[in-house]
Amino acid sequence: MHLPADDILRDTGYVAGSAQPSVLVIACGALAREILALIAVNGWSHVRLTCLPAILHNHPNKITQAVEDAVQTHARDGLEIFVAYADCGTGGDLAKACARMGVKMIAGPHCYAFFDGLTAFAARDEVTSFYLTDFLARQFDAFVWQPLGLDRHPQLLDMYFGNYEKLVYLAQSEDAALTAQAQAAAARLGLAFERRFTGYGDLSRALEAAI
Amino acid sequence: MSDDDDLILSDLNDDELVDQMKDDLYDGMKEEIEEAVRILLERNWTPYDILTKSLVAGMQIVGDDFRDGILFVPEVLLAANAMKGGMAILKPLLVETGAPKMGKMVIGTVKGDIHDIGKNLVAMMMEGAGFEIVDLGINNPAEDYIGALQSEDAQILGMSALLTTTMPYMKVVIDQLTEMGKRDDYIVLVGGAPLNAEFGKAIGADAYCDDAAIAVQTAKELMARKHNVAG
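Going line by line, the protein sequences match chains G and R. For the first sequence, the tail end lands on 211 under this note's numbering, and the numbers increase by one without skipping. For the second sequence, the tail end lands on 231 under this note's numbering, and the numbers increase by one without skipping.
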């Protein structure tokens with residue numbers, strides 16, 4: 001399986017999968033590797049994946065419009081469309097847009113919740129935890145450190161993270177090097193570190209139900 | 001804006017100094033702001049004039065440029081930190097010299113939410129505009145908000161949330177005020193990244209405020225309206 005480069009997933013987006021699909025998954029670029037793995041493992045030869053730039057994660061107010069545009073672009077293809085986003089900070093706007101367009105999406109507040117499992121995540125009630133996934137651990141500088149200006153203004157660290165206590169790395173894969181990266185990120189933020197292996201969590205179940 | 005390291009602030013006349021303060025605030029230069037505030041105090045400026053004509057006016061420029069996409073969050077935080085330095089000098093003096101009082105606001109981040117950057121900016125700008133602030137901090141249950149509104153005899157409630165999962169809690173607080181028959185006693189302002197005006201209306205807030213400057217403007221307008229009704 002060809003794995004797209006993280007900077008492509010972050011800034012540009014990505015298209016892969018079936019050349020003659022009946023189902024189109026429109027997803028956040030941060031989920032590309034996991035969804036491609038699920039397509040391969042499950043033999044979903046009828047599924048095509050279109051990823052929007054993952055950096056939208058840092059601009060939740062732009063996600064709904066980007067998804068709407070992607071759905072409109074592909075609506076004429078006559079494919080069944082599934083949106084592989086949770087609410088992702090859109091304040092319910094994405095759910096409303098999906099309902100209006102007649103397409104389904106992933107339940108829950110964000111990818112941290114569906115990787116951890118929606119029920120388990122809600123039950124943990126980890127108010128003071130900051131989360132990374134595999135993708136975000138690899139892209140910590142591009143998604144956290146640089147956009148928050150911590151590379152230029154480290155004195156802002158406490159203003160951003162002073163109320164947090166722990167960085168929880170929700171691991172989709174067993175990868176010692178990535179775990180070390182996540183642990184280093186926790187140290188840079190001055191937070192305690194916890195690694196929690198989640199696998200693909202409710203992402204698998206949501207895609208299986210939709211596909 | 002300015003990169004003149006050798007500038008001697010005390011050599012500037014008042015107008016030049018105020019302009020320089022706006023530049024320094026924009027650049028997040030806390031020590032320079034503190035020095036300039038002290039210079040203006042020595043020149044017998046009133047604390048209120050220093051606050052409004054330099055710090056608040058400077059932060060207005062920062063806020064406008066943030067809204068226009070010229071400045072980003074890190075720069076706004078640096079500017080806010082610089083303003084905070086100036087405010088720390090002025091605050092006790094403002095109390096002594098009797099600056100105009102616009103009203104009292106209880107503000108805090110809602111239960112389950114620890115994000116306070118936006119809330120802190122609003123609190124600071126409201127304070128700069130003459131509102132007395134009771135800052136409850138983060139993770140506040142309804143009883144904390146309501147208790148503080150009553151014990152502090154405040155007129156405005158400000159609630160902040162950054163998470164989609166915590167913003168519905170604002171309705172819990174408003175509903176509780178309604179059940180107590182107290183809802184109309186207070187102006188309720190809400191804000192936070194995932195919120196919008198539609199949400200604010202749906203939960204029964206008086207207004208959703210997109211940023212700190214809008215919060216100040218909205219609070220002033222609604223306080224004036226409240227006074228008009230009362231009068």
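Just so you know, the hints here were simulated from the structure itself, not pulled from any lab data. Just so you know, even glycine gets a beta-carbon here, dropped at the ideal spot from N, CA and C. Keep in mind that the hints are not guaranteed to be accurate.
[To be verified] When the alpha-carbon atoms are kept at most 30 Å apart in a straight line, the in silico BS3-like pairs for lysine-lysine are as follows: (1) Lys84/R - Lys220/R; (2) Lys104/G - Lys171/R; (3) Lys111/R - Lys62/G.
[Claimed, not checked] Covered, in the sense of this in silico footprint (three residues per stretch, anywhere, with C-beta under 8 Å from a C-beta of chain R), are these stretches of chain G: (4) 158-170; (5) 176-189; (6) 196-210.
Results of checking the hints against the structure:
1. A distance of roughly 22 Å separates the Cα atoms of Lys84/R and Lys220/R; the hinted pair therefore holds under the 30 Å criterion.
2. Taking the CA atoms of Lys104/G and Lys171/R, the gap is near 27 Å; set against the 30 Å cutoff, the hint holds.
3. With a C-alpha separation of about 26 Å, the suggested pair Lys111/R and Lys62/G falls inside the 30 Å cut-off, and the hint holds.
4. Requiring three or more residues with a Cβ within less than 8 Å of a Cβ of chain R, the coverage given for the segment 158-170 of chain G holds, as 4 such residues are present.
5. Coverage of the segment 176-189 of chain G by chain R is violated. Counting CB-CB distances below 8 Å, 0 residues qualify, and the rule asks for three or more.
6. With a threshold of 8 Å between beta carbons, the proposed coverage of the segment 196-210 of chain G by chain R is violated, since 0 of its residues qualify and at least three are required.
Hint violations for this structure: numbers 5, 6, all remaining hints satisfied.
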